[in-house]
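Enquirer: Using the sequences and the hints given, assemble the complete structure.
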Amino acid sequence: MKEKEIVQLIAAGAADMMGPAMVMLLAGGVSVIMTNTQTLDTILHAMEQLITGASAGAFAVVTLLANIPLAFLIPSSSGHAALAMPMLSPLADFAGVSRPTAITAWSLGHGLALLASPTNVVVGGGLAIAKVGYDQYLRFVWPLLAGLMVVAAAAVAIAATLG
Amino acid sequence: MSEPTASAAAPPESRKWTFEFPSAVTTLVIVSILVWLAALVIPAGQYARDADGSPIPGTYQRIESPLTSGQRVEQLILAPVNGIYGLLSPVRGFVDTGTVGRLFGWRR
Numbered sequence: 001m002k003e004k005e006i007v008q009l010i011a012a013g014a015a016d017m018m019g020p021a022m023v024m025l026l027a028g029g030v031s032v033i034m035t036n037t038q039t040l041d042t043i044l045h046a047m048e049q050l051i052t053g054a055s056a057g058a059f060a061v062v063t064l065l066a067n068i069p070l071a072f073l074i075p076s077s078s079g080h081a082a083l084a085m086p087m088l089s090p091l092a093d094f095a096g097v098s099r100p101t102a103i104t105a106w107s108l109g110h111g112l113a114l115l116a117s118p119t120n121v122v123v124g125g126g127l128a129i130a131k132v133g134y135d136q137y138l139r140f141v142w143p144l145l146a147g148l149m150v151v152a153a154a155a156v157a158i159a160a161t162l163g
Numbered sequence: 164m165s166e167p168t169a170s171a172a173a174p175p176e177s178r179k180w181t182f183e184f185p186s187a188v189t190t191l192v193i194v195s196i197l198v199w200l201a202a203l204v205i206p207a208g209q210y211a212r213d214a215d216g217s218p219i220p221g222t223y224q225r226i227e228s229p230l231t232s233g234q235r236v237e238q239l240i241l242a243p244v245n246g247i248y249g250l251l252s253p254v255r256g257f258v259d260t261g262t263v264g265r266l267f268g269w270r271r
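Residue numbers (the working numbering), protein chains in the order written: chain A, 1 to 163; chain B, 164 to 271.
Honestly, the hints are just simulated from the structure, not real lab data. Quick caveat: nothing in here was measured; it's all calculated off a predicted structure. Quick reminder that beta carbons are idealized off the backbone N, C-alpha and C, glycines included. A hint or two may mislead.
One-sided excerpt, in silico: chain B residues whose CB lies under 7 Å from chain A [to be verified]:
#	residue
1	Phe184
2	Thr190
3	Ile193
4	Val194
5	Trp199
6	Val204
7	Ala207
8	Gln209
9	Tyr210
10	Pro220
11	Tyr223
12	Gln238
13	Ala242
14	Pro243
15	Gly246
16	Val258
Expert: So this is what it looks like as structure tokens:
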């Protein structure tokens, strides 16, 4: 391989990471806006009121469920994390849920959504290659997804309750 | 970058859909603008922080917003830059590129 070709391939490989990088910096920018306008703490305060009554297990399950629609909007897990974590980590502290458990709940919510999300490149591309319609795929896969969601919710609830 | 997959997934099946879901980048630009608009309305406030930078429950206080309207517009424009290069100043509680410190130190 020629020297110029190698450099070109390296540049082409780096270009592939540009899309995820743009998602990351924009998601980071959203929480920066909230931090710099000092509104992040106001939102945390509003949620603190909701959380104080709830049990740790309920908080973990709600974390899992609340992150599913977010994962549809932002299929990139790094971007989703950059957006959600500045708010999720103090909330987990308030609810008395350990940070690893909160991240597990977030990660399960994100992963479950991606199994069915039409915005996920793997689902969209895979279905196109297999020549299966998206509605057909959903009808086939929903019992599995429902089962996985129940198992995941039970797992994070138990983890959060045991601390 | 997602151009080839989009066109590969598009052909006959999704012709029925008139609504094409925007990519994550477009979604986040819209979300940024919505959050920025919401921040105009939501009052500013602050928690006291412990040594790790975690907020202490029950110490929330309303404060006057420190930003002028010009600075608010600046925040919207610079948000992506601050999102990747910005660091949280522990003194001012402000994320910008003028702060020197730990990488990703602002992600509490």
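Enquirer: Tell me the hint numbers this structure goes against, listed in increasing order.
Expert: 3 and 6
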